[in-house]
Amino acid sequence: MNNNEILVNAARFLFLLALQIFLLNNINFLGFVNPYLYILFIIFYPLDGNKSLLIFLSFLLGLSIDIFSDTGGVHAAASVFIAYMRPLVLKFSFGISYEHNSVKIRKANLTERLAYFGSLVIMHHLMLFILEIFSFKHIFLILKSTLFSGIFTLFLIFISVVLFSTSKKS
Amino acid sequence: MQQIIYFFIRNKNFLLFAVLFLVSVALTINTHSYHKNKYIGSANTVAGKVYKVRNNVQTYFGLDDENDLLVKENLRLREIIEGLKAETGFSAIDTTQFDSLINASVFKFIPAKVINNSYSKSKNNLTLNQGTNDGVENDMGVVTANGIVGIVNSTSARFATVQSILNTQSKINAKLNKSSHFGTLIWNTKDPNVVQIVDIPRLAPLKAGDTIVTGGRSTIFPEGLQIGTVIDFSADKDDNYYLVNVKLFNDMTSLSHVYMVENKEAEEIILLENSVEDEQ
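Chains W and P are the protein sequences, given in the same order. Anchor point for the first sequence: position 43 equals 43 in the working numbering, and the numbering is continuous, going up by one each time. Anchor point for the second sequence: position 25 equals 25 in the working numbering, and the numbering is continuous, going up by one each time.
None of these hints come from the bench; they were simulated from the model. There's no promise every hint is true.
Unchecked claim - Below, a sample of chain W positions facing chain P; criterion: calculated Cβ distance under 7 Å:
| hint | residue |
| --- | --- |
| 1 | N28 |
| 2 | F29 |
| 3 | F32 |
| 4 | F44 |
| 5 | P46 |
| 6 | G49 |
| 7 | S52 |
| 8 | D70 |
| 9 | V80 |
| 10 | L88 |
| 11 | G95 |
| 12 | L114 |
| 13 | G118 |
| 14 | I130 |
| 15 | I133 |
| 16 | F134 |
What the hints assert, rightly or not - Calculated Cβ distances over 12 Å to all of chain W for the following chain P residues:
| hint | residue |
| --- | --- |
| 17 | V50 |
| 18 | E79 |
| 19 | D191 |
| 20 | A266 |
Every residue gets a Cβ at the ideal spot worked out from N, C-alpha and C, and that includes glycine.
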């Protein structure tokens, strides 16, 4: 990572943390649906960046969100989980081009992007709600929350991708 | 030896992941057990301060509603005072007499402001702007003019977090106002303004619109505080008890000024109860 990338990622970390605790945690669409957009940090962490560092930073990000929303360690656990699984998901979604280090997430086609974002979002949200609700009596609540929050998060991720890529061109 | 070091280097990502994941799960489980101290949460200084700053901005947008609520509460309290005056024969407002009344009360109230509130999760918490410096302790009840809110579960010097009644771990003693049949108040996570009461015996004369109040069985809440009204009820699966849906008087989604209740006799009662248990 060069200096510029470090700055961009640090800024993204802080911005997504603030956005999550001040705005997105309070949306409560239909009473219970909240998007968890902060995983955008994990999604857009440089593909050639240090993997151990990503795992550690994801833990910090998740823990900060846990502290502010009084949820114990559920966000930290879910973030660490997807940070660890990211190389696997990348290989699964982009196939051979990931192994040749030639993936550009912003330039990938829609199916590849959907596979990458979608699988990370679902893994994260499922882990999050299993740990948060912590009871198999409420298995339908877990699945329902995962589905609705997941769709919401995915929607916001695609919007942010569009926003950021247009700002880069101009 | 070299083999072991190589093993660690080769699997360093997995090991890091495993350690951090276990730490997170341990923190999660720690918050699921109510009586343990929380290590992390929004009662700490940094998070508390950030929420306080946010709250300073937010409160301006709800000042009108909040004033209405406080005026209504004042009105109700004034009516009660006038009623008491008529009953006891206090003619003029004599503050010394009121002071002695306040001292005689078993319960002490501490006013506080809600600086963070959640109601869309299955385990909800609130953060208040008063902490141990102001006399707040764990296990104090939190109420508003309209009803109960929750129980203090973690404190720092200047902030406290509250386990909301909208939390699947909350179990609060409640009773029917008119017949004093006891039940337990729980929440099924569906609607932030509707809670459930279980274990009310089938003998109880129950109908929609009945008022539910706190029972006197716990040392946390004073007896007879309003909670809500019965919407509907059904027999549970054993047919011996009712499952009751209760609409809260409080709007749990917009809370601002609350009171923390301290039972001055709680320590003595708990000590006595524990000593009896020890002897058995």
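Results for each hint:
1. N28: 4 Å, holds
2. F29: Constraint on F29(W) not satisfied, violated at 9 Å.
3. F32: At about 5 Å, which falls below the 7 Å cut-off, the nearest Cβ of chain P leaves the hint on F32(W) intact, so it holds.
4. F44: 19 Å, violated
5. P46: 16 Å, violated
6. G49: 12 Å, violated
7. S52: Hint on S52(W): holds, closest Cβ of chain P at ~5 Å, below 7 Å.
8. D70: Status holds, d = 4 Å.
9. V80: 5 Å, holds
10. L88: 11 Å, violated
11. G95: 22 Å, violated
12. L114: 26 Å, violated
13. G118: 22 Å, violated
14. I130: Hint violated; I130(W) Cβ to chain P Cβ min 10 Å, cut 7 Å.
15. I133: 5 Å, holds
16. F134: OK, holds: F134(W) within 7 Å of chain P, min 6 Å.
17. V50: Check fails; 7 Å does not lie beyond 12 Å.
18. E79: Holds: least Cβ distance 35 Å, greater than 12 Å.
19. D191: 7 Å, violated
20. A266: Holds, because the least Cβ-Cβ distance between A266(P) and chain W comes to about 25 Å, which exceeds 12 Å.
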